[in-house]
Each structure stands twice: as structure tokens, then as C-alpha cells.
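Undergrad: So the chains spell out like this:
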Amino acid sequence: MFRYFMRRLMGAALTLLVIVTVSFFMIRAAPGGPFDQERAFPPDVLAALEAKFDLNLPIWQQYAKYLKRLVVDHDLGPSTKFAERSVNELIGDALPVSFLLGLGAFLVAVFLGILSGLIAALNHNKFLDYVPMSVAMVGVSVPDFVLANVLILLVIAINPDWPVATLSEWRGYVLPCLTLGLVYAASISRLTRGGLLEILHQDFIRTAKAKGLPSRVIIWRHSLKGGLLPVISYLGPATAGMLTGSIVIEKIFALPGLGKLLIDSATNRDYTLSLGCVIVFAVLIIVLNLIVDLVYGFLDPRVSLNS
Amino acid sequence: MLEVNNLTVEFHTDNGVIRAVDGVSFHVRPGEILGIVGESGSGKSVSCLAIMGLLQKPAARIVSGSIRFMGKELTSMSDEALRQIRGRDLSIIFQDPFTSLNPYLKISTQLLEVIHYHSSLSKTEAFARCIEILDLLGVPDAEVRMDSYPHQLSGGLKQRIMIAMSLLLEPKLIIADEPTTALDVTIQAQILELLKKINSLKHTSIIMITHDLGVVAGLCDRVQVMYAGRVVEAGSTDEIFYKTRHPYTRGLLDSIPSLEMKVGDRLRPIPGSPPDLSRVGEFCAFAERCTRATDQCRTQRPPISTENEHHSYACFNPVASRGVA
Amino acid sequence: MKSNSLWSDAYKRLRKNRAAVTGFLFFIFVLFAALLGPLMVPYSIEEQDYDRVSNPPLVLDLKEFENKNFLTLNPADYFSVLGVNWNKKHLLGTDSLGRDILARLLYGARVSLAVGFLAGLVSILIGVLYGAVAGYVGGRVDRWMMGLVDTLYSLPFMFFVILLMAFIGRSFVLLFVAIGAVSWLTTARIVRGQVMSLKNSEFIEAALVSGTPGFQILLKHLIPNTLGPIIVYFSLIVPRLMLEESFLSFLGLGVQAPMASWGSMISDGQTAVMSFPHMVIIPGLALTLTLFSLNFIGDGLRDALDPRLKGKQ
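Residue numbers (the numbering used here), protein chains in the order written: chain A, 1 to 307; chain B, 1001 to 1325; chain C, 2001 to 2313.
Hints were generated in silico from the structure; no laboratory data involved.
So, partial list: chain B residues that the calculated Cβ filter (under 10 Å) puts toward chain A:
#: 1; residue: G1087
#: 2; residue: F1094
#: 3; residue: Q1110
Pulled from the structure, derived: some chain B residues nowhere near chain A, Cβ distances all over 12 Å:
#: 4; residue: V1063
#: 5; residue: R1068
#: 6; residue: Q1296
#: 7; residue: Q1300
#: 8; residue: A1320
Taking lysine-lysine pairs in the PhoX-like style, the calculated list, with each CA pair at most 20 Å apart, reads:
#: 9; chain 1: A; residue 1: K126; chain 2: B; residue 2: K1057
#: 10; chain 1: A; residue 1: K52; chain 2: A; residue 2: K81
#: 11; chain 1: B; residue 1: K1172; chain 2: B; residue 2: K1202
#: 12; chain 1: A; residue 1: K52; chain 2: A; residue 2: K68
#: 13; chain 1: B; residue 1: K1196; chain 2: B; residue 2: K1172
#: 14; chain 1: B; residue 1: K1123; chain 2: B; residue 2: K1106
#: 15; chain 1: A; residue 1: K209; chain 2: A; residue 2: K225
#: 16; chain 1: A; residue 1: K209; chain 2: B; residue 2: K1057
#: 17; chain 1: B; residue 1: K1172; chain 2: B; residue 2: K1197
#: 18; chain 1: B; residue 1: K1172; chain 2: A; residue 2: K209
#: 19; chain 1: A; residue 1: K209; chain 2: B; residue 2: K1106
#: 20; chain 1: B; residue 1: K1072; chain 2: B; residue 2: K1172
#: 21; chain 1: A; residue 1: K52; chain 2: A; residue 2: K65
#: 22; chain 1: A; residue 1: K225; chain 2: B; residue 2: K1106
Ideal placement from N, C-alpha and C gives every residue a C-beta, glycine not left out.
Modelling step: build the complete structure from the supplied sequences, incorporating the hints.
TA: So, in C-alpha cells, the structure goes:
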């Protein structure tokens, strides 16, 4: 178990390094420099700025310095567009919003998804199976920014006073979380149903019935663990998808989260801020995937007990 | 103790209705071991699944017949009543131990739950009972095994766990559905010895389903031969082996290669192919493969004739009595 | 013996799949609309009609609303029940800059479909070459190449594309190359697997024995035989790539004005969605239905050509 975890950790660190490197050089490869766009700076101010951002050093040295600052000091540097504000600060402000959005979406996806998948599986080929599955089919194909608008219009039609794009109260979070979560709820729903149905056709379920166990025991104790495994492994790519999707959702609902920060900084060519955002996103995805792997390892005894 | 009368089971599939069990009757007395022999598709497993109430509804249905177990009619029982009997008075050992155990649960969980849902023993008492049965079955280091997962055990051990599961509550009847087919021959011998031991120790009746006549010879008191969902011959082991009457049984016995055969001797299989179970009707199911078939066989269903109280068969042209070749 | 039995078999199975057939018909419709449509609509995608800004397609009383600038009207006004009339000047209405939505929609169809297919081609091209080489050469080279694929798998490519588009440039070519270049991994895996299993078959041995150079074997024998899974994968990946293009365009990093794609149209209409929903609903509907039909076609092809792939993501 420990070796499994260590291997994953090493892989994660390597991946992170690759991401940082590729992003760093990609940004630097952009034509021009970070200060080209704006009103022309007087040469001495320009020189001072370049020194502050190490732009006068050869690129490999810049890279090395950046890495060191990142790993040792956990410092993502100053923003190239926002004077007087560091990237850490800006990201720190945005993170709680994204965190709440992500958490809400995750809960929506998991609860709605597993519940509807469970109901569908237990009512195989009956009405309660077709309805959730058809809805899920739609949910899987509709792009989230389209879904967001559909939901907005629906909600406004029903209750014109619902706060759509404000965070002053908790209700403002409902629509964004729902939108982000529903798409993944659809996939989770289908996976749960599929996984459960497959388990229910296995021989060991027949054994459980032969032992005279009550059906609720058969479902909860015998089927759920195995049936949910495909869902658990899906949670890895699902969380990555939700993080990516949050970019769009934050734009639609005007939420000042990490996604919006990334897009704005990229569009504005804020070198350090956009790099910082990508790194934070990458760390989040990697950490979440690691957690999912661990959970999977715990649940499937065949994985955890084989070195 | 178990009486099956005129049981008929049908499967409704996309390709039509298949009659897997066609008017089958048999009984099992307390303490006796009944062997049910037949090829795949003969209906031997389906009959026993029907007894246990484990047929996959809605595709499979008991169309007619009665199953009386310990005086109660099982076909008309509620699901809840059936559930209580299963595991406690009537249990089954399945063929493939590799897929019949839940890979995600510990052995202890899978054993203890049988006791928990059928009796009121405390956890320690239940645990002790499990160890007792495992020891009886010759499982080494029973406590360690209890704490393991199925994938950590060998095939033979897994099958012993399955047997243990069926024994925990001292059932009156155990159905063993080809319990050794998926295992090595050496393990097979051990498992069969175990079953014999259980039968003599606890006076448990056993229905042994198999396609292997050797197993039958060594273990069973009575035998029943099935073909195409019908019982073609039934009786005590001696009668069936030494005074065979039905051509199919004769064919089965003849097809076993013996140690006295010389190099170059041909094997003697039964000619033809397995029957089509969607064709049901008033004719002998074995007629198309039988060397002794007459027009009567092809147009009428042979009734059950009784040779003596230990032997009955369904054939218009039985084989003349003689011993095993 | 019929030589094309694999394909005719698959074709028969495909025809029976009603969802796939419907999807295919719809897709043909979209294709025609995209190719011929812009030629039939009297407006260009940039032409701005300042008198008819934000006109919805369905107007309740045309006589009252004709020639009026909608921004000055109270939206509640056009929900009064006066009878429904189709907007005669602009069939699908106009956007907030007065541009005809139908024209932009049809043009956007061209863009979205083009990007999807071109990116798909790029992806397939890279994937097939990479996978075929890895599978054919085998041994250590193969292990290294596939090891690279495995590590690349866990990278969140969307962020790279975002950075790329934002910093390097916003050209149309870069768009589909970037989208395609980040999704070749699975194709490579599939092709490698196929090539490896084909490598040892007899007709390859025959070709080798007769002295055909390795590269020709690759091109003429191995690759055509992996066509089945490649086609399936292509049909499944195109909608996903179209989605990514819309995603990027929605964020402003995809196609740039004056080009329009469905994603950018939705983005344009986003700010006013609550008062003028048609600007978002129409391209949104077009996008969703097209993705649906492509997904159905892809599923149908997969089921028809290789039922074993059913259920894999």
C-alpha cells in the first residue's frame, strides 16, 4: 500500500515539473515582452521593471530562479499587471470562491449521480430506469455553457428574483454549482447504474441470495462496494473536468474565482499571474487525482493487498 | 424430506420458449445422498435452482409442479418465507468457487452474515461456530483465513469456504452443484471425502449434481439420470450401474474409457448432438440419438416403468439387464 | 467469398441503429446548411443593421415593432399577446450589434465543423504515425514511446492550449492544430495495439519475404488494416474537439472577430441572456444538436464496427 502511494507521489511530482516547465517556456515564447502593450514606458522605468522580473537574465537562469522560488519559498512572484500585488495574494483571494464552487458542484455531481444511478439500477428496464438514463444522456452531451444559460432562463422564468450572478447570499451559488455539477452527475449516474447492474449479475450475488440474506443487505453490503468502483475511478477525470469547467462557469456567472483569474490574466498577458494560475490548477488536479487513487486503493482489496 | 413432483420450468428468451425441466419428479430421504447425472442442458442444475427459488425471474418460471420440503410447499411460499429457509435448512454449493465469493468482502463477513441473519447467536458464538466448521473441513489456520479476502486463497480452500457457508446452520439438505468440476483431481477427492464425512456425521441429505459417473459411484446412495429436462432413469447406485435399463445411461457408462482398453481401441461416444430444448413434445427426447429407437419412441412419450422399488426408467425399449462392461 | 464482408456487415448493423441514422441525416443537413447557407442569406456576418439591434426571431406584433430599436423597448412589451409573427427582415433575429444571426449561425457552422474535423485530422495523423511506428518497431523504442504517452496522459492539456492561444497568437490554423495536437494520445495507443497484433500475421510475413521495405509495409498493409478503429475513434473525437473549440471561443481565446463560431456567438450573447435569450439559445441549440448527432453517429459506428468497444470511454 505504501509503495503504491509512493509511486503515485513520484509520478505526480514529475508531472507537476513538466507542467511548470512547459507553461513557463510557452509563455516566454510569446512574441514581445510583458510590458509591450501598454503606454510606452520611459526607458529607465522599463529597465527597473525588467530587473524586478529578472527579464534581463538568460532564460535558463530565469527558469531556475523561478523554480527555486516556487519550491523553496512557495512564492509565485509579483504580478506583471497589477502593481504592488503579488500573485500569491491575488490567487489567495480567488481561491475560496473557486473552492466553494468546486465543492458544491462535486456534491451535486456525486449525490445526484449516485442516487439516480442507484434508482435506475434497482428498477432495471422499468420507468424509473429510462427516465434518469435519458436525462443523463442529454446531460452528457450538452456543453456546460449552454446548460448554464438554459438553467438561468428556466430559473428566471420561474422566479425572476433569484440571484443569478451575485455572491452576497448562498442562493447565488446554487445555479453555478448545479450547472457545473449536473454534467458530471450525468456521467456518474450512468456509471453507477452500469457498475451496479454488472455486479448484480455476478455469481457471488447468487451466492448471497442462496444464503438467504435479505435483499437490502445484498444491495448495500455486497453490491455497492464493487459497483461504485468505476465511479470512484471516474472521479479523477471528473474533478479535473470540473476544475476546467469552472473557468467557463465563473465567466458566465461573473464569479471572481481562479478560473476567471486565469482567463483574465492570460488575455491580459500577465506573465506571472497566468503562470501562477496554471500551476495552482495543476497542483489541485494532481492532488485530487492522488486522493482518488488512494480511495480506490482502499476500497478494492485486490489492489491494496498486492504489492 | 424433499419431494419434487412433476416440475416443469420454462425460460422465455428472445429465441422462443425453452423448456429446461419437463415433468421431473424425484425425492430425497433424510440422510441419503442422491446423485443427479446428465450432460449440460439436461436440466439438473435448473431443477435444483428451482428448488432453492433462485431462478432468474422474469425470464425463468416454474410453470407447473410441486416442491415439498420438510412438509411445506415451496412453490407457493412467499419470498420472505423462502429466504428464511435458504441458508438455514436448505443450502447450495455452487460450481465455481472463484466467482461465487464476493471479492470485496472478507471471508469472516461472508460467513458470519449467514449466522447473523438466520439465528440469534452472539458474535463470539457465531465466530466460534465458523472456526469449528472450518476445522471440521480441514482448513488450516482457520482464524487467519477468516481475516483474508477471497483472492488470497487457493481454489480448493475457496470451495471449502463455500461448503462451510452451507454447513454453518446444520441444514437438512445440501445441494452440491458440480462442486469439483472447477478444481484439480486431487482436490476433488478431498472435497468428496469431506461431503461423505458431513453426511455420516450430521446425517445431512445431499443432492450431488455431476456429469461424472465416477463421482456418483463413490459417493451416492441413489442416482437419477436426466436428459433433455426429463428423468430417464432413477434408482439405487447398484441398480443403475449393474442393471442399466435406459439406453442413454448405457451409453454414458459405455463411453467411459477403461484401463483395460488397448492402444488403438476407439472411444465410444454417444452419437448425435445435444437436444434442442425449444422443441417440446410427446416423444422420447433421446429418440433421435438412440440406436434402439422405434416409431413408437418418436411419437409417444415413454411413461415411467418401475422395475422394482429401487429402480425406475422411462423407455419403450429398455436395454436388457446386464452389468457394467 | 465476399472481400468486403467486414464493411458490409458493419453497414447493415449501422443502418439498423435508428439513433445513428437520425444523427447522420441531421449532420448532412448541417453540412449542407454550412456549405450552401451563407450563400443564400442576403446578409454578411459583419453587416450591422443599426436600426434593428437585438431583434428576436419571433415578434409578437410586427407592425408595432418594425423599424424600432429594441434596446429602447421594455422587454415586457413583447410578451403581450398580440399574435405571433416571424421577423421578416432577419429570420433568426439580430445580435446586440445588429448583425444577422442566421448568417452568423450558418457561417459559424462552417467554422465549428471545420475546426472539429481539421483538429480531428491532425490528431489522427499524429496518433497514427506515432502508434504505427511504436507498434511496428517494437522493443525498447516502443516501450519508451508508450511510456511517454502514459506520462503525457495525466497532463491537463486544456491549460496549455489556453496559454498557447493567449500568448502565442490567435490564428485559425493555430487553433485547430493546437486542439488536435493535444488529443492524439488515445489514437496512438489504439493504433499501436492494432499494429502489434497485425505485425505477426501471415500476410505481413509474405510482404517481408518478398522484399518490401518496412516503410511500405507500414503504409500499404498495416495502416489500412487498422482503419476500422481509427474511423470509430475519429467519429467519437470530432464532437469532443468541436466542444473544445466552442469552449475556447466562448472564453475569447478561439476564433477572433469578425469570424464567428457557435461558441463565440454564445459568448457574445451571454451578457444579455436574460433579456434577449435568442442570442444564446439559437447557437446553443445548434451546437447541442450537432454534438448529439455526431455522438450518435460515433456510437453507431463503434457498435457496428466493433461491438467489443462498447462501454469504453
